[in-house]
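Those protein sequences? They're chains A and B, same order as listed.
The opening residue of the first sequence carries number 1 in the UniProt record's numbering; numbering runs sequentially from there.
The opening residue of the second sequence carries number 1 in the UniProt record's numbering; numbering runs sequentially from there.
Be a bit skeptical, because a hint or two may be false.
Claimed, not checked - What the simulated footprint calls covered on chain A by chain B, stretch by stretch (three residues with Cβ under 8 Å from a Cβ of chain B suffice, anywhere in the stretch; the number is not a length): (1) 1-11; (2) 25-31; (3) 215-229; (4) 304-316.
What the hints contain is simulated information worked out from the structure, not anything from laboratory work.
Backbone N, C-alpha and C define an ideal beta-carbon position, used for all residues, glycine too.
There are 2 protein chains.
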Amino acid sequence: MAHQSGIPLGVRFRILADTPQDSAAQVVADTVLGDYRDLETLRRFAAGCDVVTFDHEHVPTEHLRALQAEGVVVRPGPDALVNAQDKGVMRAKLDSIGVPCPRHRLVADPADVTAFADEGTGYPVVLKTVRGGYDGKGVWVVDDEAQAAAPFLAGVPVLAEEKVDFVRELAANVVRSPSGQAVAYPVVESVQENGVCAEVTAPAPDLDPALAAEAQGLALRIAGELDITGHLAVELFQTRDGRILVNELAMRPHNSGHWSIDGAVTSQFENHLRAVLDLPLGDPRPRARWTVMVNVLGGDYPDMYHAFLHCMARDPGLRIHMYGKDVKPGRKVGHVTVFGDDLEDVRERARHAAAYLRGTITE
Amino acid sequence: MAHQSGIPLGVRFRILADTPQDSAAQVVADTVLGDYRDLETLRRFAAGCDVVTFDHEHVPTEHLRALQAEGVVVRPGPDALVNAQDKGVMRAKLDSIGVPCPRHRLVADPADVTAFADEGTGYPVVLKTVRGGYDGKGVWVVDDEAQAAAPFLAGVPVLAEEKVDFVRELAANVVRSPSGQAVAYPVVESVQENGVCAEVTAPAPDLDPALAAEAQGLALRIAGELDITGHLAVELFQTRDGRILVNELAMRPHNSGHWSIDGAVTSQFENHLRAVLDLPLGDPRPRARWTVMVNVLGGDYPDMYHAFLHCMARDPGLRIHMYGKDVKPGRKVGHVTVFGDDLEDVRERARHAAAYLRGTITE
Chain A
1 MAHQSGIPLG VRFRILADTP QDSAAQVVAD TVLGDYRDLE TLRRFAAGCD
51 VVTFDHEHVP TEHLRALQAE GVVVRPGPDA LVNAQDKGVM RAKLDSIGVP
101 CPRHRLVADP ADVTAFADEG TGYPVVLKTV RGGYDGKGVW VVDDEAQAAA
151 PFLAGVPVLA EEKVDFVREL AANVVRSPSG QAVAYPVVES VQENGVCAEV
201 TAPAPDLDPA LAAEAQGLAL RIAGELDITG HLAVELFQTR DGRILVNELA
251 MRPHNSGHWS IDGAVTSQFE NHLRAVLDLP LGDPRPRARW TVMVNVLGGD
301 YPDMYHAFLH CMARDPGLRI HMYGKDVKPG RKVGHVTVFG DDLEDVRERA
351 RHAAAYLRGT ITE
Chain B
1 MAHQSGIPLG VRFRILADTP QDSAAQVVAD TVLGDYRDLE TLRRFAAGCD
51 VVTFDHEHVP TEHLRALQAE GVVVRPGPDA LVNAQDKGVM RAKLDSIGVP
101 CPRHRLVADP ADVTAFADEG TGYPVVLKTV RGGYDGKGVW VVDDEAQAAA
151 PFLAGVPVLA EEKVDFVREL AANVVRSPSG QAVAYPVVES VQENGVCAEV
201 TAPAPDLDPA LAAEAQGLAL RIAGELDITG HLAVELFQTR DGRILVNELA
251 MRPHNSGHWS IDGAVTSQFE NHLRAVLDLP LGDPRPRARW TVMVNVLGGD
301 YPDMYHAFLH CMARDPGLRI HMYGKDVKPG RKVGHVTVFG DDLEDVRERA
351 RHAAAYLRGT ITE
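Same shape as in the complex, but just chain A (with noise of 0.2 Å):
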């Protein structure tokens, strides 16, 4: 999708893939096969390259800053980018900026885990490993000390964080550049189904305008505290009493945004991209009254042409983005997005496409 936005700018990619089958590989012309946890291989990478970005927060970030002392530039730079990167680092430094965040501390042992549980409001508690996590992996909820023990086996640290009583997730993303330009798209409804993104709403339905504004200037505030180049999301809870919390920091065009493709005048990747060229940025505002993205999960059936027909001829209107993934049961293998004046039009045509694209219905 970067690179789809990256074209019409003249922007020329060079990406470092695991496997030719990667969705970029299989699309961008100059693909290096690697891994990306060798330093070796990161420098062979970056040798040519003006800048260098990311597409997830697994790029250890001992390698990055070894790359940018020998003189690669790194956007988002390390230093911004291990707070993405690792949720003990994070939640201390929102601490250290005032950021309102659940009630939260590293944990050594089940029995910690208890005694941070008895220093609030009791079990169930939230326990994440600060690295490696992602799609809901790298998370439990835990209902005692007995469950708690799952989550120190991978000799990871552990984050407790007390389960927030919200009423829906929300998230406001950001884009700034290195001269201090920052653009704030439309906070966004998400919804998250086992632990993965399931549909966003552009913008959220029925947010309180001085709740939306908060919420922007807290993203706004964080890109700049933490020096982030580039699009951050900022996943947040919204609780019961009308307060908001920083639940997850993303560096890099993120699934919350995805809606932005069809739906802003300048979508997430483009406008990433100029932030890390330290091009100027592009408006974010959405074209639509409401824009609903639903992602595609992988179902029981490989072949997704006949479904791609069913879809197509059912909706003109809608818009679908595959990632050229193998199907697998659960996997993300694309998304849909519909745009219009009716929320619950757009959102029903919105989630039929993705579920028939699954196979879970098929009429």
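With chain A held as given, fit chain B onto it using these hints.
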């Protein structure tokens, strides 16, 4: 641009390019280098392709017939495409189905041009080589028999046409699938400078709805009668006395449809791909009241980076599309698009950006 629109559909491209510097070769992973006039090259290229289609009309018709006879799926097929390759064939075909065209006939020599002039309203006369023309090349407007000599030098048959007294040029763009489904984009106004498309406004301002419907109907009828698969651009003259006459046909995504990338629900590129793959077509309706596209021609400055900075900073809503071509004076190197409610504002912004990128203005 077709590659961009194919990525979300999961359509993987193999392209045949003259050189690695060709626009598409810079961004498409599967690029074959070779000469499109060589049948063996075409055979090797087509092996393993589900469908072969085009971004220009210059592949020899006989080679396409050979490929088709060997089982290659060529869309549009050579029997349709020849009408976009050979202006003599095209005029004869349009005459046979009663489509209004400028008065015309094949001419043998300069004296025959004078005879053609005398049969109508005299000189000036428009002369065109029946094959090989592009962006004003292969077209002469001649004032007398002496000037009429030049077009015959190439040894290609020459078509004479009346010089139409037109008030403006329009384009009716439609897309048709092998199953016969078709969609019509709004009729656009096209402004040519020195035989090259300079600016397109969608929809054409102040166009009588009856004439717009007639133009769309004409284009749909041509697509059907000629059994065209894919995008058809029908370039039209709007005459002073309120008629429309067909100027040219193009059977591929066309400059008069570039506005649709940012301006329509489904772009001409995506619908062309859907058509040649026999997938249901997407909604061709405009997303904004007005969309204006202005071509960016090469100027004196080979490096456009600083022009980017200015244009993006001045107008965050500007959509820039650069083609990765070396900048040469007068060469089409990209286009810009602006959409909105106010036609004058939209036009001024698009024209300003194109002029600034070319370097003809500096503020």
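Worksheet item: What are the numbers of the hints the structure violates, in ascending order?
Response: When the structure is compared with the hints, only number 3 turns out to be violated.
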